[in-house]
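Top to bottom, those sequences are chains A and B.
Mapping of the first sequence onto the working numbering: residues 1 to 348, in sequence order.
Mapping of the second sequence onto the working numbering: residues 349 to 604, in sequence order.
There's no promise every hint is true.
To be verified - Heads up, simulated DSS-like pairs for lysine-lysine below, C-alpha to C-alpha not over 25 Å straight-line:
id	chain 1	residue 1	chain 2	residue 2
1	B	Lys-532	B	Lys-565
2	B	Lys-565	B	Lys-539
3	A	Lys-338	B	Lys-488
4	A	Lys-321	B	Lys-488
5	B	Lys-532	B	Lys-379
6	B	Lys-488	A	Lys-190
7	B	Lys-539	A	Lys-330
8	B	Lys-421	B	Lys-373
9	B	Lys-404	B	Lys-373
10	B	Lys-415	B	Lys-373
11	A	Lys-324	B	Lys-488
12	B	Lys-404	B	Lys-532
13	A	Lys-190	A	Lys-324
14	B	Lys-379	B	Lys-415
15	A	Lys-190	A	Lys-330
Read the hints as simulated data drawn from the structure, not as lab findings.
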Amino acid sequence: MTMISPAVQLKRLVTLVRTEVLVLPSRVIVAMFVLALLGLPLVSQNPYLIRVIILTSVFAILAASWDLLSGFTGQMNFGHALFFGMGAYTSALLNIHFAIPPWGSVPMGALAAVLTGLIVGIPCLRLRGTYLALTTMAFPIILMGIVFALPDLTGGELGISGLQRLSNSLVGNYYIYVVTMLVLSAVMWKITDSHTGIIFHAIREDELAVRASGINTTRYKLMAFCLSGFFAGISGGMYAHYMRIAGPSTLEVSMSFSVVIWAVFGGLATIYGPIAAVFVLFPFLEFVRFWPEYRTMIFAVVVLLILLYMPEGIVHWARDKMEKECPRCKIRNVATRKSCRVCTALLD
Amino acid sequence: MTVPFLEVEGLTKSFGGLRAVNDVKFRMEQKEVLGLIGPNGAGKTTLLRLLTGILKPDSGSVRFKGKELVGHKLWDIVNMGVACTFQNMRPFRRLPIIANVMVSCLSPRSMGRGEWVKVVEAKAMDALEFAGISDMALEKASTLSQGDLKRLEVARAVATDPELLLLDEPFGGLSPAETELMAKSIRRLHKGGRFGRLHSEGPAMIIVEHKLQQLMKIVDRIVVLNFGTLLAEGTPEEVVNNPRVIEAYLGQQGGQ
Numbered sequence: 001m002t003m004i005s006p007a008v009q010l011k012r013l014v015t016l017v018r019t020e021v022l023v024l025p026s027r028v029i030v031a032m033f034v035l036a037l038l039g040l041p042l043v044s045q046n047p048y049l050i051r052v053i054i055l056t057s058v059f060a061i062l063a064a065s066w067d068l069l070s071g072f073t074g075q076m077n078f079g080h081a082l083f084f085g086m087g088a089y090t091s092a093l094l095n096i097h098f099a100i101p102p103w104g105s106v107p108m109g110a111l112a113a114v115l116t117g118l119i120v121g122i123p124c125l126r127l128r129g130t131y132l133a134l135t136t137m138a139f140p141i142i143l144m145g146i147v148f149a150l151p152d153l154t155g156g157e158l159g160i161s162g163l164q165r166l167s168n169s170l171v172g173n174y175y176i177y178v179v180t181m182l183v184l185s186a187v188m189w190k191i192t193d194s195h196t197g198i199i200f201h202a203i204r205e206d207e208l209a210v211r212a213s214g215i216n217t218t219r220y221k222l223m224a225f226c227l228s229g230f231f232a233g234i235s236g237g238m239y240a241h242y243m244r245i246a247g248p249s250t251l252e253v254s255m256s257f258s259v260v261i262w263a264v265f266g267g268l269a270t271i272y273g274p275i276a277a278v279f280v281l282f283p284f285l286e287f288v289r290f291w292p293e294y295r296t297m298i299f300a301v302v303v304l305l306i307l308l309y310m311p312e313g314i315v316h317w318a319r320d321k322m323e324k325e326c327p328r329c330k331i332r333n334v335a336t337r338k339s340c341r342v343c344t345a346l347l348d
Numbered sequence: 349m350t351v352p353f354l355e356v357e358g359l360t361k362s363f364g365g366l367r368a369v370n371d372v373k374f375r376m377e378q379k380e381v382l383g384l385i386g387p388n389g390a391g392k393t394t395l396l397r398l399l400t401g402i403l404k405p406d407s408g409s410v411r412f413k414g415k416e417l418v419g420h421k422l423w424d425i426v427n428m429g430v431a432c433t434f435q436n437m438r439p440f441r442r443l444p445i446i447a448n449v450m451v452s453c454l455s456p457r458s459m460g461r462g463e464w465v466k467v468v469e470a471k472a473m474d475a476l477e478f479a480g481i482s483d484m485a486l487e488k489a490s491t492l493s494q495g496d497l498k499r500l501e502v503a504r505a506v507a508t509d510p511e512l513l514l515l516d517e518p519f520g521g522l523s524p525a526e527t528e529l530m531a532k533s534i535r536r537l538h539k540g541g542r543f544g545r546l547h548s549e550g551p552a553m554i555i556v557e558h559k560l561q562q563l564m565k566i567v568d569r570i571v572v573l574n575f576g577t578l579l580a581e582g583t584p585e586e587v588v589n590n591p592r593v594i595e596a597y598l599g600q601q602g603g604q
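Chain A extracted, bound-state conformation (with noise of 0.2 Å):
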């Protein structure tokens, strides 16, 4: 193999950016987002800022894994806080009982939630639609009862409190926070466009169809549960290690719905969709604080007016407004062309 010296690399480099990223506003705006992110405590250290970022993050990733599991396979989960919960609460048990550090816990963390999508995936394998979103909206009540019923293992109400942090300086957690998340966003995504993602794209269109093309739809959904379980449950780890918290708060049946919410405003089955609506609505529910009785109203009413405009949900709203699809060979262009970039057809 003969080496390639890195000028020639670089000009590759410049070309791939130049013929790959420039050519669509979505992906310059996806690539601008990843470099402010990364370049923002160049800018500013505010502690306040740093927070809300970090907690974006968390949650970003536990929208779009809900979005793997629901948006995709189509088995509506009302309870997705079972394994942001599980992941929370068993990595701070692990943590405070155990000592282990943040870097093996969270990932256990993880595992017990993958293992809970297997204990939750198997009953509601039979199940769709209403009695799948009840069944797993239970679940997370019942661990809550859990939790209180042995408070001096789960600390009850007050939850497990006094867990280390990931790190201990401002910037180090911060970048800790958002570079998982990118990573995540990432894998999720690689999984949905990769030929696993299709037969989960297959399962919600039509699951006896799938099922009479050869697949084992049994094994693919509860592979989406687990999948969907552990990067919810990485996501509950590192909320915990992050607030020295892991209490009842995280299991709550608003937490699940917050969760549905975001996604379904960014749009399903996309996994970028609920990531941007988190990096939206999250930071908005922060700017409104200052005026706190009038919060949860402005939150919905701008829910509500964006669910009955944009009903796709805001990324593809935004993306049909800025960009069109290619008639001939499906592929996206700038809505300002007047011909397809790969096949010169004409766009109208």
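Go by the hints and put chain B onto chain A.
Just chain B now, kept in the frame of chain A:
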């Protein structure tokens, strides 16, 4: 003693008080094309659904190359080499057509056969080529016409490399020209051979159909069902001239 290719014995299925399929028994040879006809509500679709495991029979057995199919899951049966199409087409409407077929190509059976095909996309494309809808590969399935949806159903079934193909009304709702095209594809598939990277050994087929004229040209043998029971069996000529079949379709002649 040779093992029969497909052997159905005493197959019975009731829905409440209605015996949809009652003690049906027939055999089928390898490479044979079997027509399954009968008046509306005779239990033809139910019989196909029993064969593929979508429905569980109350009693009876289905042996495919000596292996019992009853009790297996639908996807296991498909991976054993029995593929089916749906009468009321069930495409993945919001997915591109190529993705519809790729799901079949991702089944363990399809992935394990034809070592030279490692690229799922290419194989799916060849299945579409065979069915004659490859030029619309990137369109969403929801934009397809009735006839093209039927073709998509066939492409999806063919992509699993079946040895026995169960077609439920492949000509249903098609115009005469489309019917002609579909009949041609079915004959071509039965002959076997290579369609691009897709290799067909010429699967045996069971075809449920109401358009008897077209069906007669394709099938070797016909099985007639009426009220869930086997009414007649034989070559197309025998069946058409069988008085019991005529009676089932047209009713008894008055005054006799």
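**Prompt:** So which of those numbered hints doesn't the model satisfy?
**Reply:** When the structure is compared with the hints, numbers 7, 12 turn out to be violated.
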